[in-house]
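A.B. asks: Sequence:
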Amino acid sequence: TEAFGLAFLIISIDRLKHRYIKIPSYGIIVATISISFIWMMHAYFISLPYAKAQFFQDGARQAFAYAKEHEDSYNTIIVSNTQVFLEGYMYYLFSNQYDPRQYHKQGGTKSGFFTDEHFIGKYLFLDLYLYYGTGRYQKEKLPGKTLYLTNPNELPPTIATKKQLKRIKTLYFPDGTEAVWILEEKQ
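Residues in the sequence shown are numbered from 17 upward in steps of one, following my numbering.
In case anyone wonders, no lab produced these hints; they're calculated from the structure. Glycine included, every Cβ here is placed at the ideal spot set by N, Cα and C. Don't take every hint at face value.
Unchecked claim - Straight-line alpha carbon distances no greater than 20 Å define the calculated EDC-like cross-link-like pairs of lysine to aspartate or glutamate that follow:
| hint | residue 1 | residue 2 |
| --- | --- | --- |
| 1 | K33 | E18 |
| 2 | K121 | E133 |
| 3 | K138 | E87 |
| 4 | K68 | E85 |
| 5 | K179 | D191 |
| 6 | K185 | E87 |
| 7 | K84 | D74 |
| 8 | K68 | E201 |
| 9 | K84 | D191 |
| 10 | K185 | D74 |
| 11 | K161 | D88 |
| 12 | K182 | E200 |
| 13 | K68 | D115 |
| 14 | K84 | D115 |
| 15 | K179 | D143 |
| 16 | K138 | E85 |
To be verified - Beta-carbon label-pair distances, calculated as ranges:
| hint | residue 1 | residue 2 | range |
| --- | --- | --- | --- |
| 17 | G123 | K84 | 18 to 24 Å |
| 18 | N112 | Y66 | 23 to 29 Å |
| 19 | F20 | R77 | 55 to 61 Å |
| 20 | I27 | M56 | 42 to 48 Å |
| 21 | Y188 | R117 | 57 to 63 Å |
| 22 | Y119 | A23 | 14 to 20 Å |
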């Protein structure tokens, strides 16, 4: 409908006989379109990434880079499968350029749900609330040293105390709020 309105406006201006009205009118239209375009580009490329970073899993890439850099120091790396890390296994596969054939040989994705558990090498992607909330962690002992990539305050304090988790790094959204906690078990 905006295009019809603009077309009608241009046709109406074109019918005017006086050049001193036509030229400024076209100038106003060009200026309005230019300002709107610049404002849209600013909103899309500058304001949106800052204001809505949490909806674009900001922090996940940095957390995976940290985990990749330090993965030789850990036997298991547990990654939350919610909020910042929703679809985290996909970010991991993409950012590490993991061979799709290898991923499917290892079992691949068994369901269409992003929050289902995924095992990729030493990385375990799961919903930490369900994992610890059901007490399953007590039955399944993980071997050796474990690194956790979690959303802030995702693990209940009782679990953090019982597992003796220590926060070793905090990643932040562009607005300064906490995005990711990187934790490890105290040895």
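A.B. asks: All the hints need checking, so say for each whether the structure fits it.
C.D. replies: Each hint tested on the structure:
no. : hint                    : result
1   : K33 - E18               : violated, 25 Å
2   : K121 - E133             : holds, 16 Å
3   : K138 - E87              : holds, 8 Å
4   : K68 - E85               : violated, 28 Å
5   : K179 - D191             : violated, 31 Å
6   : K185 - E87              : holds, 15 Å
7   : K84 - D74               : holds, 17 Å
8   : K68 - E201              : violated, 32 Å
9   : K84 - D191              : violated, 26 Å
10  : K185 - D74              : holds, 15 Å
11  : K161 - D88              : holds, 10 Å
12  : K182 - E200             : holds, 5 Å
13  : K68 - D115              : violated, 31 Å
14  : K84 - D115              : holds, 16 Å
15  : K179 - D143             : holds, 17 Å
16  : K138 - E85              : holds, 14 Å
17  : G123 - K84: 18 to 24 Å  : holds, 21 Å
18  : N112 - Y66: 23 to 29 Å  : holds, 27 Å
19  : F20 - R77: 55 to 61 Å   : violated, 43 Å
20  : I27 - M56: 42 to 48 Å   : violated, 25 Å
21  : Y188 - R117: 57 to 63 Å : violated, 37 Å
22  : Y119 - A23: 14 to 20 Å  : violated, 52 Å
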